[in-house]
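Peer 1: Protein sequence lines correspond, in order, to chains S and P.
In this text, residue positions in the first sequence follow full-length UniProt numbering: the first is 1, and each later residue adds one.
In this text, residue positions in the second sequence follow full-length UniProt numbering: the first is 1, and each later residue adds one.
Derived from the structure by calculation, the hints contain no laboratory data.
Note that the coordinates shown come from a computational prediction; the quantities given were computed from them, not determined experimentally.
Among the clues, some could well be false.
With a cut-off of at most 20 Å between alpha-carbon atoms, the simulated PhoX-like pairs for lysine-lysine come out as follows [what the hints assert, rightly or not]:
1) Lys-268(P) x Lys-214(P)
2) Lys-122(P) x Lys-89(P)
3) Lys-343(S) x Lys-343(P)
4) Lys-271(P) x Lys-214(P)
5) Lys-214(P) x Lys-195(P)
6) Lys-229(P) x Lys-195(S)
7) Lys-229(S) x Lys-195(P)
8) Lys-214(P) x Lys-229(P)
9) Lys-60(S) x Lys-28(S)
Simulated restraints on C-beta separations [unchecked claim]:
10) Asp-245(P) x Ser-90(S): 39 to 49 Å
11) Ala-321(P) x Val-325(S): 39 to 49 Å
12) Asp-111(P) x Ala-384(S): 20 to 30 Å
Backbone N, C-alpha and C define an ideal beta-carbon position, used for all residues, glycine too.
Protein chains: 2
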Amino acid sequence: MTEVEAKKPQESLQDRLAQVIELLHRHKLVEDLTHRQEGQHHDRVENLVHRQNLVELQRKLEDLHPADIAHILEALPLDERLTVWQLVKSERDGDILLEVSDAVRETLIADMDDHEILAAAKDLDADELADLAPELPRDVVHELMESLDAQQRERVRSALSYEEDQVGALMDFEMVTIREDVSLEVVLRYLRRLKELPGHTDKLFVVDYDGVLKGVLPIKRLLVNDPDKQVGEVMADDPVSFHPDEDGYDAAQAFERYDLISAPVVDKNGKLIGRLTIDEMVDLIREESESEVLNMAGLREEEDIFASVWKSVRNRWAWLAINLVTAFLASRVIGLFEGSIEKLVALAALMPIVAGIGGNSGNQTITMIVRAMALDQVSTGNTARLVRKELGVSLINGILWGGVIGGVAYYLYDSWSLGVVMTAAMTLNLLLAALMGVLIPMTLARLGRDPAMGASVMITAMTDSGGFFIFLGLASIFLM
Amino acid sequence: MTEVEAKKPQESLQDRLAQVIELLHRHKLVEDLTHRQEGQHHDRVENLVHRQNLVELQRKLEDLHPADIAHILEALPLDERLTVWQLVKSERDGDILLEVSDAVRETLIADMDDHEILAAAKDLDADELADLAPELPRDVVHELMESLDAQQRERVRSALSYEEDQVGALMDFEMVTIREDVSLEVVLRYLRRLKELPGHTDKLFVVDYDGVLKGVLPIKRLLVNDPDKQVGEVMADDPVSFHPDEDGYDAAQAFERYDLISAPVVDKNGKLIGRLTIDEMVDLIREESESEVLNMAGLREEEDIFASVWKSVRNRWAWLAINLVTAFLASRVIGLFEGSIEKLVALAALMPIVAGIGGNSGNQTITMIVRAMALDQVSTGNTARLVRKELGVSLINGILWGGVIGGVAYYLYDSWSLGVVMTAAMTLNLLLAALMGVLIPMTLARLGRDPAMGASVMITAMTDSGGFFIFLGLASIFLM
Numbered sequence: 001m002t003e004v005e006a007k008k009p010q011e012s013l014q015d016r017l018a019q020v021i022e023l024l025h026r027h028k029l030v031e032d033l034t035h036r037q038e039g040q041h042h043d044r045v046e047n048l049v050h051r052q053n054l055v056e057l058q059r060k061l062e063d064l065h066p067a068d069i070a071h072i073l074e075a076l077p078l079d080e081r082l083t084v085w086q087l088v089k090s091e092r093d094g095d096i097l098l099e100v101s102d103a104v105r106e107t108l109i110a111d112m113d114d115h116e117i118l119a120a121a122k123d124l125d126a127d128e129l130a131d132l133a134p135e136l137p138r139d140v141v142h143e144l145m146e147s148l149d150a151q152q153r154e155r156v157r158s159a160l161s162y163e164e165d166q167v168g169a170l171m172d173f174e175m176v177t178i179r180e181d182v183s184l185e186v187v188l189r190y191l192r193r194l195k196e197l198p199g200h201t202d203k204l205f206v207v208d209y210d211g212v213l214k215g216v217l218p219i220k221r222l223l224v225n226d227p228d229k230q231v232g233e234v235m236a237d238d239p240v241s242f243h244p245d246e247d248g249y250d251a252a253q254a255f256e257r258y259d260l261i262s263a264p265v266v267d268k269n270g271k272l273i274g275r276l277t278i279d280e281m282v283d284l285i286r287e288e289s290e291s292e293v294l295n296m297a298g299l300r301e302e303e304d305i306f307a308s309v310w311k312s313v314r315n316r317w318a319w320l321a322i323n324l325v326t327a328f329l330a331s332r333v334i335g336l337f338e339g340s341i342e343k344l345v346a347l348a349a350l351m352p353i354v355a356g357i358g359g360n361s362g363n364q365t366i367t368m369i370v371r372a373m374a375l376d377q378v379s380t381g382n383t384a385r386l387v388r389k390e391l392g393v394s395l396i397n398g399i400l401w402g403g404v405i406g407g408v409a410y411y412l413y414d415s416w417s418l419g420v421v422m423t424a425a426m427t428l429n430l431l432l433a434a435l436m437g438v439l440i441p442m443t444l445a446r447l448g449r450d451p452a453m454g455a456s457v458m459i460t461a462m463t464d465s466g467g468f469f470i471f472l473g474l475a476s477i478f479l480m
Numbered sequence: 001m002t003e004v005e006a007k008k009p010q011e012s013l014q015d016r017l018a019q020v021i022e023l024l025h026r027h028k029l030v031e032d033l034t035h036r037q038e039g040q041h042h043d044r045v046e047n048l049v050h051r052q053n054l055v056e057l058q059r060k061l062e063d064l065h066p067a068d069i070a071h072i073l074e075a076l077p078l079d080e081r082l083t084v085w086q087l088v089k090s091e092r093d094g095d096i097l098l099e100v101s102d103a104v105r106e107t108l109i110a111d112m113d114d115h116e117i118l119a120a121a122k123d124l125d126a127d128e129l130a131d132l133a134p135e136l137p138r139d140v141v142h143e144l145m146e147s148l149d150a151q152q153r154e155r156v157r158s159a160l161s162y163e164e165d166q167v168g169a170l171m172d173f174e175m176v177t178i179r180e181d182v183s184l185e186v187v188l189r190y191l192r193r194l195k196e197l198p199g200h201t202d203k204l205f206v207v208d209y210d211g212v213l214k215g216v217l218p219i220k221r222l223l224v225n226d227p228d229k230q231v232g233e234v235m236a237d238d239p240v241s242f243h244p245d246e247d248g249y250d251a252a253q254a255f256e257r258y259d260l261i262s263a264p265v266v267d268k269n270g271k272l273i274g275r276l277t278i279d280e281m282v283d284l285i286r287e288e289s290e291s292e293v294l295n296m297a298g299l300r301e302e303e304d305i306f307a308s309v310w311k312s313v314r315n316r317w318a319w320l321a322i323n324l325v326t327a328f329l330a331s332r333v334i335g336l337f338e339g340s341i342e343k344l345v346a347l348a349a350l351m352p353i354v355a356g357i358g359g360n361s362g363n364q365t366i367t368m369i370v371r372a373m374a375l376d377q378v379s380t381g382n383t384a385r386l387v388r389k390e391l392g393v394s395l396i397n398g399i400l401w402g403g404v405i406g407g408v409a410y411y412l413y414d415s416w417s418l419g420v421v422m423t424a425a426m427t428l429n430l431l432l433a434a435l436m437g438v439l440i441p442m443t444l445a446r447l448g449r450d451p452a453m454g455a456s457v458m459i460t461a462m463t464d465s466g467g468f469f470i471f472l473g474l475a476s477i478f479l480m
């Protein structure tokens, strides 16, 4: 990516978004007018105003950092997004494509012809090309690869050989390497000859003649130590390093924990092959927490807020279908007790309370557990303890709130025994919710799935069916 | 914080956690044994084993980075957490306290006497002291402040005068400042005299004689440029800077967007007063997404997974109570239609399907919107469009899945009109869910509240009451 020194924006991002939207709407208004007058006398003035608006918008966009343009593209519906996209200078296309989310990137690439894509991609680094490649048309990728030198091509291939969230796919290749048997003075002179250092260079990598990592020289140490000292005396010889097949999210957590800016990636022979930087890690941390939220609600991550209705339907389809099945099962549970309900119709009015509170409480538990698991705080050693604690919380809530609602039921339907059944059912369903709230994410994890996956849908299914069964069952036994 | 060069851990964090837990359990087993034999002949061997275990555990802990110890403390129940805490060397207490979450920090500080707290805090910087101060006993804070020099005391006071998530509370004071009319050579010599540079120093701050920020000198430029050049020629003179009363989360987004490592904080006269660093921002990004997840489920953030049962009950109380009220309202809606249910008991079995699917679909919508709002992608300009899109998705899902479930209802109860009512009710409830899924978070935001706050509880309340009303209402009109 071309390095852009970020300047202090004059207005907030929200303001700038609002301005772009305003310009777009003004543009559209004029376009509509011109369109309506077509066939009639063609009005030159209108056309001029139209063009002026576009020029103003284009000037606005030129002042913005690629990341800000990406943000604006994310926040626009498809047609307006493409209008803005066409106004952006083509040499900036590559940087912007790297900043937008996958879903938006797809819509932008679909709007470009091969020639434009090639122009946008030609200034990118190997790791950036590898990020884009999976979404580009096959022959464009082929042509791009042809244009690279052997080393670059090898790097793109290597990056593409890893899964999207493995360290090997996240690393870049912009490393400054030095030898340990030279003086700091020599290093300083060497850096000056480079003219430019890669972004996020907080340390130099010390390698031997075979390219094996011997240590790192933090820039801080380079600056404060006597220039006559040798690199080997000053370097840190046991730095945090990563392997290309490690999980990127684990690496991100290490960056967060040890406050790293950059870190070397080595192969299994200890040879330096790339580096990770904090900016990629921050993106990963952000994406991971987002997909946790979305997964819990049974959404996949690829939906941008202005995705087409059809795309959204498909995104939400799977869990809605699962929910339909579970809701149907809950309905059949009620079906089992239709006789009881016919005799005592109050049961129909009270049963959703038992199910609803259970669902809410279960969602609280499962949210806590999923979060603790994401932070690696849950191990097999403490499962039993967690279950005990959650059961304790549920027992108190059940007796307490169950008691309240039991009292209300007694007051409304003037039946002492109905109140007791209500309290008992609520307590039992809350206990079920607590148990399932711990066990569902743990079981998913043990099966190698994401513990957040559809967690909310599943716990609600349990507490619905369970709640109806417990309440109507108790009622059938004790009230009929 | 004392700077610790992070070393590559030999084992994963999970492994280390498991080892500590194992050592703790062995320790406890021996303690239980010794305890049981008390009053009897006191067994010296047992006591020896006991001590050996603790020594082994202590050695294990000494090898760990403060951030790793913090992680282990988070993952342990209270009693074991305190056992580990007492084994940690007191000079590391301060660093570890800074790393743990608020909830865990509270439990650790409660276990320390004033003397221990003072010892732990004495090596901390002003901004770190300010982080801890609100949770320390009053007289300890007083004593700490007394021990500081005037400048440090002023800095702690200043940091404490801002809200927890304002830039002023997040900044540190470890800045290296230089003048613009000196040569890079002079700067290099000056840095060498400092012996050590603050962590995350990727740029030096250029100020005039009044301390007003004139620009920043990225270390990268210092290294690659001719040492004879003046700072003024090489510096970036319009850097991204922040004000102390800005929202920290906005600053974090700017760090993410512009790939910053550090940035100056200036007062309203342009005077340099502190700096922000990426490590604080990463923590903020993480915390923000966590509290979003928790808020949606109606949880406050202060609960650690091993919080006492009572503390957890209080944490979850408020939203459970609200849920109880909404569930009761839904129950009264059903109560209105008891007559209809008595006549056609199938309604009781079918109504939770309508409510449940609505809740699930509404949760999907609200999750999308809350997320888009957190990313600043939603502005007043596009609300109407979002509502239209969500209504479109719901309409398709309603007709489709509503049709399926209508078919099932027809098959089960052999009533053609019941099937139609079911399909219609599901479609209408999904439309309601879509509308509310967009409007609830937007309204909360307009009222100045967190849009995620209890979002899940509220949408479920709407779709439950709404679903019952729509379904039973339609049934009463068309089937009775």
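Peer 1: Are the hints correct? Go through all of them and say.
Peer 2: Outcome of the hint check:
1. Lys-268(P) x Lys-214(P): holds (14 Å)
2. Lys-122(P) x Lys-89(P): holds (14 Å)
3. Lys-343(S) x Lys-343(P): holds (11 Å)
4. Lys-271(P) x Lys-214(P): Holds: Lys-271(P) and Lys-214(P) sit about 9 Å apart, inside 20 Å.
5. Lys-214(P) x Lys-195(P): violated (25 Å)
6. Lys-229(P) x Lys-195(S): Given pair Lys-229(P), Lys-195(S) holds - Cα atoms ~14 Å apart, limit 20 Å.
7. Lys-229(S) x Lys-195(P): Answer holds: Lys-229(S) to Lys-195(P) is near 14 Å, not above 20 Å.
8. Lys-214(P) x Lys-229(P): With Cα atoms ~17 Å apart, Lys-214(P) and Lys-229(P) stay inside 20 Å; holds.
9. Lys-60(S) x Lys-28(S): holds (17 Å)
10. Asp-245(P) x Ser-90(S): 39 to 49 Å: Given about 40 Å between the Cβ atoms, the range holds.
11. Ala-321(P) x Val-325(S): 39 to 49 Å: Given a distance of about 32 Å, which is not inside 39 to 49 Å, the answer is violated.
12. Asp-111(P) x Ala-384(S): 20 to 30 Å: holds (24 Å)
Hints 5, 11 from the earlier list are contradicted by this structure; the remaining hints agree with it.
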